[in-house]
Structure formats: structure tokens, C-alpha cells
Amino acid sequence: MINSLFLINPSGEIFLEKHWKSVVSRSVCDYFLEAKEKALEPEDVPPVIHTPHHYLISIYRDKLFFLSVIQTEVPPLFVIEFLHRVAEMIQDYFGECSETVVKDHMVMVYELLEEMLDNGFPLATESNVLKEMIRPPTILRSVVNTLTGTSNVGDTLPTGQPSTIPWRRAGVRYTNNEAYFDVVEEIDAILDQSGTTVFAEIQGVVEACVKLSGMPDLTLSFMNPRLLDDVSFHPCVRYKLWESERVLSFIPPDGNFTLMTYHVNAQNLVAIPVYVKQSISFFECGSDGRLDVTVGPKQTMGKTVEGVMVTVHLPKTILSINLTATQGSYTYDNGTKLLVWDIGKLNPQKLPNLRGSLSLQAGAPKPEENPSLNIDLNIQQLAISGLKVNRLDMFGEKYKPFKGVKYITKAGKFQVRT
Amino acid sequence: MEWANQLCENRQFGSKMTDSKYFTTTKKGEIFELKAELNSDKKEKKKEAVKKVIASMTVGKDVSALFPDVVNCMQTDNLELKKLVYLYLMNYAKSQPDMAIMAVNTFVKDCEDANPLIRALAVRTMGCIRVDKITEYLCEPLRKCLKDEDPYVRKTAAVCVAKLHDINAQLVEDQGFLDTLKDLISDSNPMVVANAVAALSEIAESHPNSNLLDLNPQSINKLLTALNECTEWGQIFILDCLANYTPRDDRESQSICERVTPRLSHANSAVVLSAVKVLMKFMEMLPKDLDYYSTLLKKLAPPLVTLLSAEPELQYVALRNINLIVQKRPEILKHEMKVFFVKYNDPIYVKLEKLDIMIRLASQANIAQVLAELKEYATEVDVDFVRKAVRAIGRCAIKVEQSAERCVSTLLDLIQTKVNYVVQEAIVVIKDIFRKYPNKYESVIATLCENLDSLDEPEARAAMIWIVGEYAERIDNADELLESFLEGFHDESTQVQLQLLTAIVKLFLKKPTETQELVQQVLSLATQDSDNPDLRDRGYIYWRLLSTDPVAAKEVVLAEKPLISEETDLIEPTLLEELICHIGTLASVYHKPPSAFVEGSRGVMHKRLPARTGSGESTESPDVGAAGGSAPEAAPSIIPSQGDLLGDLLNLDMAPPTTSGPPPPSTGMQMGGMDLLGGGLDSLMGDESEPLGGDIGGSPAMGAGFGAAPAVMPASLNAPVGGGLGDLFDLGGVGMPMGAYIPPKIVWLPAMKAKGLEISGTFARRAGVIQMELILTNKAMSVMTDFAIQFNRNSFGLAPAGPLQVLTPLGPNQTIEVSLPLSTVGPVMKMDPLNNLQVAVKNNIDVFYFSCQYPISMLFVEDGKMERQVFLATWKDIPNDNESQFQIKDCHLNSDAASSKLQGSNIFTIAKRTVEGQDMLYMSIKLSNGIWVLAELRVQAGNPNYTISLKCRAPEVSQCVFQCYEAVLKN
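Line by line, the protein sequences are chains A and B. First residue of the first sequence: 1, per the working numbering; consecutive thereafter. First residue of the second sequence: 419, per the working numbering; consecutive thereafter.
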């Protein structure tokens, strides 16, 4: 199982180590650092590295490397999933996941890691359970603690821990009982030069914020559940009922959690909300080129497209650019050759356009590669797949909860080829 | 000797902590202050101090000097403080075993606490303290906790058994903890079940014979029930355990599949992939005409697709596994091509994997789409990716015949871009297309020739030269082109040189009149001016052929070549089956069987897919069972117990191997002749396939010829050369080595037990070849014939490399000496003792069994000398638990003599250091299965007792290695 964990910052410095079995010398990280040196970008470091005596499995997240050391045959996905949980735990406890935050709460992170694994086996990874064992820091509590000498560590067994619903603690009480669901959809798409869809799919997620007293048993139903190609659920969802009736029936964890993720990839169902007209060209002779990009709304179901942003990695041989935007503003970093055009809200009457000239370094040949445009956008109050929540029913408790559903569509990996 | 000093210091550091060492890492004042704070009366101050200590510890500072002060804080009712002290203890107890004992009382008391959290915490922490004395005290509390009323305590205790087993396996067995653990599989709480399964699986990994996870329909049922209710991690353990089960029939298989399918919708991708593994394996048993079978197939695709929208690291592992799944069952994902399209911002490791799967899924139906994509990728920025994309276009052409023309025109488009590396890759793949579809696309040769000058990579140059040679009759200026390459002949790489030689010979055979001069020039360059033996030999063979029989030369050199196969990089079916059983594991990421890289002498079981049950189905999947090659193995998950071994031996095929093995080593003369003939012809016939692409399979005859030649070579070196190879290895100025140690022959099989056949023997390692040297004596009254030998599976995979050579009948009272070369590539199973070997010998009378032990020094390979830096790093890297110390008594050699004696047995001295009259020798040994053993030998002048410390990742071998030291030094 998982032997050790090292946290490493982008410059290759190890700033935390934790061992769950015997201590492994940190020199083992050298193999990883070597691979990191070879990779062009930190994202490109291979996640599984073989050393003479260990396996190093790592993730890159929030500009940090989480590197685990294993010695025996362990499912790598198991390790990677766990590492992501560690990152999520840090985010959850301290509001962000960064080197500074970890260094500021070194001891608490260490205590948490000890709770999360025992002998390399996961022990408590549910946020609800962890928070009962070790309370997250708040400014108020740290003041109180210093005054009264009470501690951050819970001294009773988390109530949900050994039961069959480990995700929920017992005895939850709220004065305002509320349950909110966000249906968030991301469009992953590749459009080719002519604007035709090469590939498109929707990754959806239902995020829940449930603050209900007692042991509520919820049933959430959709108007059109058959739309979904593949679903994965939080462990609380009863799979049998989904299979037979296509409803989500569950006793929710307390607080924020991801209820389900889903996937829609039937080509014809995926509406593409914007179109992009673009041309990036370089003249055969001379050292100049032109860039001309226009973005317009396509299938938006009558909603407004907001937060539109176009990102382009220009070829390395570009010397300078001179562009004008009819809407929004653009920034260009000559070091990374990254052009970002922040458009904002899309106005169907007056389409935003960015155009101008690119000049190449003297003597540089015409660039070989075609830069790709990455598009960011969001549409409020719309799930682009057409998914709609029908109703939410609650059993097991008497009170009437506040209920709410919100929809939002975003661009995921949305790419336009040139 | 800087590094040796450092090493020495480190070793002292491990055993005796000194203050001076400590202060190099922390300021003196800081420690002093902490000490005072730890002993403060105020609770809060104490806690803060412990926190500071822990903080220093987490960043890697050494605060072990505070051990007594921290342990003093342990007796407290403040849980946070207690936990902090425990954290500290776990880290440092090992370095202060005597002090750690102070903590035992508190632990034992805490195990009785009314609060289950405290009980669990105590038993959990105790198990993490790897000190022998503490583990003794652990047994009683652990026994109680395993039967605790609170499931939280029980599940913690289950894991603790695994910890204890890691520290002292014998103790766990003696105390009966394994049985208690097995009982926990029937526990009422699913979390306890999951942890018991996890603990047992981990223990079983180091104990392949123990039959720990005895799976039967009842226990399977319990696991399936627990599966629905336990945590996500528990589900992974249970699913992985289920995958080892072999259902009795298709009905049981189907019912398990039905109960596992809901796991495909789990949010945790590791659960999903483990479920996929179980389904892929058990599906094998379902009849294909069953409705459920096709339902299941349909259910597998969506979760696999969903895995690809996860984080890139998860995607990578998923893709490596999908690569296996599409090879085994292409139908699952055949409609999902688009999800493998590469996105611009995918990390490079994801891009490359996606590309691979795209080619596997390419078919006539989707080839247009795939080609459009590949062409797009060929204009990306990343060079590695672009190259692979171009290659992929070539592979598509070979795979989907209908698309070949389109692929060729796409490649020509790409050549027009004139991007150097694109052009070179394109030429390499076009060469393959020519081989697959001869006489179809030669019209493009003119375009290729235009780019001749831009080729600077050997592979591309070789490909181009091959094309010119192969189609010399259609290229008007072929001679000029080849001549231009010839100018810089000696600067070319071997690959290009060999290709140039062959191409010019081809040209000569096609257009003899104009090219006589050219061919003579190249033959003389190859045979006289080159020091590359391959090139020289090939040159001579062509020369001889051309000068003695040009017609034969033409037949050989211009023979019609076999077409290259469709898919060039498919995983071999038996390996694929094994890997399917290992979906989701490291093996599946590396596409290698676990035995190839899991360290240590653990007996790795080769897993196999179950055979389909039901009538008439077995013939439908010829890849199951038949592809095994050797004798059929037992059912995959059943670990043979000691009782089964005899049966196993009886089942072995006793017939002398026929064509599959290497030819019997007869006299050296004969061997040489054969080799020359076989090898020469082969290289002549196969000359295209070798340099142009190792992955292209030749004709079967060719393959066999190649395969046999190297295997014969070592066998013909039988004569005792006395470590001729050993001499080549640097001795570090320690003196000449003597020959390898060979134990005296002993009687292995007395005549009375074997109907008159007496066998005595020994083992030797000569010139890198392991030999079993046998003396067979016939003490019976009748003649013995038809001798054959077989080994049972053993720890290091020893197996006869050829048949037992007893050519003449053995008459009464006759004796014959035979030496049998051994290989180490046989099936592996851990034996006890490790070096035990079970042998079966057959003759015309009966089959006899005996077992013997071989000195492990036979397995010490010649390249066992470690680099100093590597040695230092490895020594540090191996945990101290793995170190064992032995005494060698009454040895009167000085250290140099000892060192050179050991070197004869491939125990290499890397450095020597003298401290206060004591010589320390640092040595390394490499075993044939790749395990390294590091040793420190201490020799005190005038003291006949040596001390030896051995460190190894697989500490099991230490005892055997020590025995070898003793044997070598005393003989």
C-alpha cells in the first residue's frame, strides 16, 4: 500500500514528508526530479515512475506535486485517487491548497494525513468524518483555544464511522433546513478550421449543498434522465433504484458534496453555443502575418453567453503583435507567447472581433504549426444538454425544507483548430 | 574514500545517536529551549512544544534527541497531545528501542480504555513501532482488540495484524492471528470485512503458499454482501480479491457479474477499474450466445469513456488499461473512437497513449475520420507527438488495406511540408507500406528521392537506402544515389552500413554490368576496413555467394519476401491474458507480467483467464489454454499446497523436448559448423527485417534460426575456463580472483530408493552458465536407457536449458558424468528453504523424485559490481529492518585474500576502508533475477571471526547468501 508521501513545489523543493510504514529516504525523489527536469511543462511529468526499488506515483495539482512512494503492487488509480483526496482535504480545511497554507498548518496537515491512512490503507477520507476527528481552523476557534486550552482534536469516535452510512454524522440540527443543487455542465469540444464539430461531449456534475436536520431520505428525479450516457454516483446513492426507476434516492452527507457526475456524448445532442470565425496566416515571403478572430453566438437556447475568453498559444518565432479588439481587451505575454482576449458578454447585434498584424523574428521561417484557440464561456440558468430536475421529495423527517436548483453551462476543453 | 566515510558515519548514526550529529541540523539553543518547554508544568505549553517538535520532524529535521522528554508527555488525558506524542514515537522509536519500552505501559493501559477511539488509537500506533521488544507486548492487546465489541476497533486491529506480519511473520503465525483474521471475513460489519480482506491480501503477497484467501462460494457471498456497504477503498480491496476467484460454472460467474456491475457507476475511478477487471475476467466463462453476455459488453463502454474525462493522471492509467481491453475485446469500444481524439492541452503522456488506441480501433468504417485527425496532429508543436502521429498514419495503411492509398497521399502531403522530422518519419513508414503492398505505390519513389539530402537520422537513411535497393531496376540513377551514400561509409551508423551493403548487392544482381565497381568497393569497405563483426560477416557471405554461385545469390538476396503482418505491436496472447487478470495494477500500466518487475523472491502466481464452460465453447477461443506453450498450469487462483506438489511433478511432461528448446549441445566442432550455416543464412535472408524495424516478424524458419543461435553459444563454452569472463571485470586492485566455489558432490538419490539408480551431484557456475553436474551410477542388474530430467517450480526459476545428455545406455555397474546447463527463466514459486530444488528423473524403469539444495552463489551474475554512488544510495535507501548480521567463525584469511576469493564467486568488492585496524569491505552481489544484495564485511586483523551485515530488498535471501559466504571463505 502507500508507503510515503512527499509534497514538492514547482522548483523541486520537498516541503513535507509523511511515512506510513518504514521511513523512505527522501533521496528517492531524485528520480522524480530527474523526470521533472526532462518534461517541458510540469503537467507533462509522467504520473508513474519506476525506480530500482520503488514506484513513484504523482499528481500535479494546484501548482504542487503530490508524490507517493509505493513498494508493492498497488492499483495506481487507487493511489492517484487518494492523492487527489489529500489535495481536496487541504483545500477543504484551509480554503486553498498551496505551499504557504501547508507550511502554516504543518502540524494539522500531518495529523490529518495520519488520520487518512493507516499502514497505507485509507482510514478516513470523508470530509465529514475527518472534520469530527480534527476540527478545521477558524480564527475564532484559535482564539478560544488559546484562552481555554481546549483542543482541535475530537475525542469521541465519529458517529458515522462504523455504521453503514459513514458519510453522514448523527444528530445534525439546523434552524433553516435547506437543500440546494447546482447542475453544472462543461462542454468539451474540438471544432475544425471550418467550424464543423470534430468531437463534442458534455461532462455534467450535480453539486449539492444539503443542510438538513436528522436523517433525511431524499429522492431527486429528472424530467429526462435517459439523456445521460454514463453516470457515477456518490456512495450514498442507491444504485438499484436508479437502474429500475431512474431516480436518485439517497441519505445525503451533511454539507457540500458531489452527488453525481454524468456524461453525454451522443454527437447530435451536444449544442455548440458559439461559433468562431478565425484566420491566422503568415505570408510566404517577408516576416509578417495576420490574425483575425470573430466570435458569435450559435445555439444558446435564448440565453446570453457570458465570460467569453479566447486563449491562443502563438508560435515561438513571433516577435511582436499589433492587434485591435472591438470589444473587451487583450493581453499578450511575449515570454510565453500567450495571447488572452477577454471579451465578456456576447452581444448578438455587434459581434466582437480581434484583428491585426503579427510580426515574426527577422529571418525566422514561416511557422510550421497551427496554433489552436481555446475558448472559455459560461451560460447561466441553462444546462446545455437539456437536463432538467423534475422534483425533490424528502422522507423520514417532518419539517419542510427550502429547495433550489441552479443550472450553469461552461466551456471545458473547448478548442478551435486553425 | 569520501563516500565510504560518509557511509560509516551514517551507520553510526543509525545505531548510536550523538548530540554532535544532531546539532548539525538544528541550532543548539532551539533544542535546549524545547527541552525546557516539554518539561513545563503547564499543559498548554507542553502541547505547543510537542507541536514545534512535530513541525521540525515533518520538514525532515532531526529531533530524536528529545525522545525521553516527549515520551514523558504521553501519559495524558488530552487526546490531541497523546496523538502528537504517538506521531513522534512512530517516527523515532526505531532509533531508540530501549527508551521506547517506556511507552509500553501506557499503550497496554490505553488498549483497555472505555473509549473505543483510544483503544483503536493505541493498537494502531503500537503496530507502527517497529521494535521487537514492543511487538512482544503487542500480542495480548491485539488479540483482545480483534474481538472487541466495537467494529471501529476491530477494523483497526485487522490492519494491525498486517503491520505485525511485516515486522515478524513468524510471531503472527504462531499466535494464530491469521486464523482470527480469516474469521473476520465473516464479520457483521462491512468495514471490518474490507479491512480483513486488505490485510490478508497484503500478507498473502509475501506468502504465496499459505492459501490465506481461501475463496469458496460461501466466502464469495459474504464479500459480495460487504461490497455494497463498505467504503470506496474497501470496495477496491474486495473487488481485487474477487478477481482471484475462479467460479465453478457459468451460472455462478453470471451471478457475480450481476452483483459487481453496479460498481461501474462509482465516483471513484479505482473502484470502476477494479470492477472492470472482475467483469472482464468472469465474462470469459459466459457462453457468447447468452443475452446477458451482450448486455454486459454494452455496459462496459460508458464507464471506460467516463474515465477519460477525469484528471490527466487518472486518464493515463485508464488509457494503458483500455489499450489492453481493446486488444482483448475490440467490440467494447469500437464505436467510441472520438473520445480518444487528442486535445490540444492534454499532457504529452496522455496524447501518446490516445494515439496508440486510435490505431487499434481504426477500421474501414472510421478510417477517414482517423486520418483527418492524424494529419491534424502532424502539424502540432510537440516533436515526439508529431513523429508518432506520422508513424500512426503508416500503421493505419498497413492495418486497413482500403485506406492505404489515402494514407500514402496523406504522407506525401506531409513530405511536401518539408519539415525535417516529418519527412524522415514519413519515409520510414512508407518503407513499411511498400513491404505490405509490393508493386502498388512505387510511383511515389521519385518524390521520396527528392528528399534524400535532408535525411540525417539513421533509421530514415536506412529506410531510404532499402527502398532504392529494393526498386533499383525502376530508379534510373540508383547507382548514383547509392554511391553518394557510400562516400561517408565509415561515418554512418551500423544500421545504415548494413543496409547500404545489402542494397548495393541487390543493385548489382539487378544491373550487373554497370555496378561491378560499386559492389567491389562496398564489399571491401565492409570486410577490410570495418571492425564491426556483423558487417564483416555479412560482407563475406555476400562475397562468397557472389563469387561461387551468382544464381544462388540471386535466389537468396532477391527472394520474394514474406509480407509484414497486419498489426506489428500486439501483445502476445498469453501475456495479454495475464495482463487482463491484472487490470488496474502496475502490471497493466507497464504491460509486463508482475513477475517481471515486482521485486523480491515472492512467488508470483501467473494468473490466467478461466476457460469458458459449456459445450462446444472451448474450441471457440483457441487463445485460452492452448497458447500456454508449456505444460498446462493449475487453475489460476489456487496456490498449490505442499501436498499438491507431487501431483504437479507427476503431471510434468517427461518426454525430451523436441524442437522448441535449443538443440542438444553435442561436440564443439559440430556446433560451430551449425551456427555458421544457420546464422549466416538467416542474416542473409532476414537482413531486411532486422535493421529496418525490430518489430517486423520474419518467416517462422527465420525466427527459429535466430532464436536458437544465441542459446547454443553459452552451452558450447562448457569447458572449465575458470572464470574467463570474470577476469574482464575490474578488480579494483584487490588481486586475482580464484575460480568460483563449487561444493563437493553429494548423493542426492541413493540407489535403494530408485531401483538401483544412484545420483550424486553438485552445482557450478562456469563462464556465466549454471551447471548441474551429475554422476549417474547404475547399481541394478539391467541396462538403463531413456533418461530425462525435469524440475519443479522453484524460487529462482531454475530450469534445464536442454535435455539430459545420456546418449548411450547405462549398463550395470557403469557410471556416467553429465553436466546439465540450467537457465533461470523457468516458472517461479517460492520454496522453503529458498534454495530448495525438487527434481524428477526418469529412465526406462520408473520416475524418481528427489530434492536438493543449490548454493545461491550459482545465481550471482557476472555484472554484479555496483557503481559506488549507486551502492551508497542503495544502502541508505534500503530500510534498516532489512539488514541482517551474521558471524563467520574461524576464518583465517586476510581481507585481501577474502576479497579475491569472494570475487571468484561473483561477490564484488566495491571499496575497502580501514578503521582502527579493522578492515571494512563493501560488496555487492546481483542475483540472476535482478535482486541486489549489499554487504559489509568486517575483518579484524588477528581475529578469526568475521562480522557480516547484509542488506537486501528481499531479506529472505540473506540467510542463503550468508551460507555462501561461509562456504566460499572456508573452502
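These aren't lab readings, by the way, just hints derived from the structure by calculation. Treat each hint with caution, since some may be false.
Simulated restraints on C-beta separations [as the list claims (entries may be wrong)]: (1) A:ALA35 x B:SER827: 34 to 42 Å; (2) B:PRO748 x A:THR197: 24 to 32 Å; (3) A:ASN224 x B:ASP802: 42 to 50 Å; (4) A:PHE402 x B:PRO748: 32 to 40 Å; (5) B:ASP949 x A:LEU319: 46 to 54 Å.
Yeah, the Cβ is synthetic: ideal placement off N, Cα and C, and Gly gets one too.
Verification of the hints:
The beta-carbon spacing between A:ALA35 and B:SER827, approximately 39 Å, falls within the hinted interval of 34 to 42 Å. Against the hinted window of 24 to 32 Å, the Cβ-Cβ separation of B:PRO748 and A:THR197 comes to about 26 Å, which satisfies the hint. Between A:ASN224 and B:ASP802 the Cβ separation comes to about 44 Å, which falls inside the hinted range of 42 to 50 Å. The beta-carbon spacing between A:PHE402 and B:PRO748, approximately 51 Å, falls outside the hinted interval of 32 to 40 Å.
Between B:ASP949 and A:LEU319 the CB atoms are about 51 Å apart, so this pair conforms to the stated range of 46 to 54 Å.
When the structure is compared with the earlier hints, a violation turns up for hint 4 alone.
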